[in-house]
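> Can you make the complete structure from the sequences, with help from the hints?
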Amino acid sequence: MAKELTGREFLGAVALGVGGLVLSGCTGVPVTEAVPSSTPKPTNTETKVPPTSTGIPTATPTPTPTPTEIPTPTEVPMYTGEFPDTSEYYRRMGALEQHFLEFTEVRTLEDMKLLQLFFGAPLSLVQVSNDPDTGITQFVWGFSVRGNDYRFRTYALPYCEFKMADIDHYVPGGGDLVGNPTIGQYRNPVFLAVQEPLSEAWIEFTGGYFPACSDVMGDLLPQDKDRLGQFFFNGNTEGFEIDEKGILDLRRVLITTNVLVANE
1 MAKELTGREF
11 LGAVALGVGG
21 LVLSGCTGVP
31 VTEAVPSSTP
41 KPTNTETKVP
51 PTSTGIPTAT
61 PTPTPTPTEI
71 PTPTEVPMYT
81 GEFPDTSEYY
91 RRMGALEQHF
101 LEFTEVRTLE
111 DMKLLQLFFG
121 APLSLVQVSN
131 DPDTGITQFV
141 WGFSVRGNDY
151 RFRTYALPYC
161 EFKMADIDHY
171 VPGGGDLVGN
181 PTIGQYRNPV
191 FLAVQEPLSE
201 AWIEFTGGYF
211 PACSDVMGDL
221 LPQDKDRLGQ
231 FFFNGNTEGF
241 EIDEKGILDL
251 RRVLITTNVL
261 VANE
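Numbering follows full-length UniProt numbering, in which position 30 of the sequence shown is assigned residue number 30; successive positions increment by one, without gaps.
Please note that a few of the clues may not be correct.
[What the hints assert, rightly or not] EDC-like mimics (lysine to aspartate or glutamate), calculated; alpha carbons at most 20 Å apart, straight line:
(1) K225 x E105
(2) K225 x E238
(3) K113 x D219
(4) K225 x E102
(5) K225 x E241
(6) K225 x E196
(7) K113 x E102
(8) K245 x E82
(9) K113 x E238
(10) K113 x D226
(11) K113 x D224
(12) K113 x E241
Rather than coming from a laboratory, the hints here were simulated on the basis of the structure.
If you want it as structure tokens, here you go:
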């Protein structure tokens, strides 16, 4: 029969029981002190982008690609069709070779000796180009002689005038009277040629008004009249320069002053 414990004995037994439980739990598991790690924890260095006023992060714009090549300038259109046959024209007109070109001597108030050439046979307008900085216009003309095509280039000026000594009018530089011609059209151009070198006084006079005038004025050599006749009538290019496109360079010989619509 179990002994009944008094109050003091009961409390002592409970205390011993609890102490035994604590000691039995601690003696079974060894206690290990915490050792700090030799490698520090990585620090978060990510930069947070603050939200915009709308709450949406700002997107990085896509950079514009840098062009690697310079754009090719627009090519000036050039007529590539058929040219009028000048030899056939003059054959129908009954003209002789020596009368093929008619030069008229002109003297200006600026004491310039010019030759004016009216080209009776029709020419085909091959190309028109203009330099906006200088105002200089270039014409390329084409014609055919006995089945062979020829092209030549001349200067023209839109605002270059010469006061005539014997008649009360100006000889314009070509631009105002061209009338926006279309390439491929048949035209009867009028040309000017300078017989003598330009005087210093004339160059100084025109420099303030028409600075590009003297830039296109060449000297017509004595033999150039015969050379021009041979070129236009027979296609003989001897004595003149030809560029890489096969175009005869008459920019320092003839100046286009007017472009008339030809009677085809």
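> Evaluate each hint against the coordinates.
Evaluation of the provided hints:
1. K225 x E105: Satisfied, since the Cα-Cα distance of roughly 13 Å is no more than 20 Å.
2. K225 x E238: Measuring from Cα to Cα gives roughly 13 Å; hence the hint holds.
3. K113 x D219: Roughly 11 Å separates the two Cα atoms, so the pair holds.
4. K225 x E102: holds, 10 Å
5. K225 x E241: holds, 16 Å
6. K225 x E196: Between K225 and E196 the Cα gap is close to 14 Å, so the pair holds against 20 Å.
7. K113 x E102: The hint holds at about 16 Å.
8. K245 x E82: Given that 20 Å is the threshold and the Cα spacing comes to 17 Å, the pair holds.
9. K113 x E238: violated, 26 Å
10. K113 x D226: holds, 19 Å
11. K113 x D224: Given that 20 Å is the threshold and the Cα spacing comes to 16 Å, the pair holds.
12. K113 x E241: violated, 25 Å
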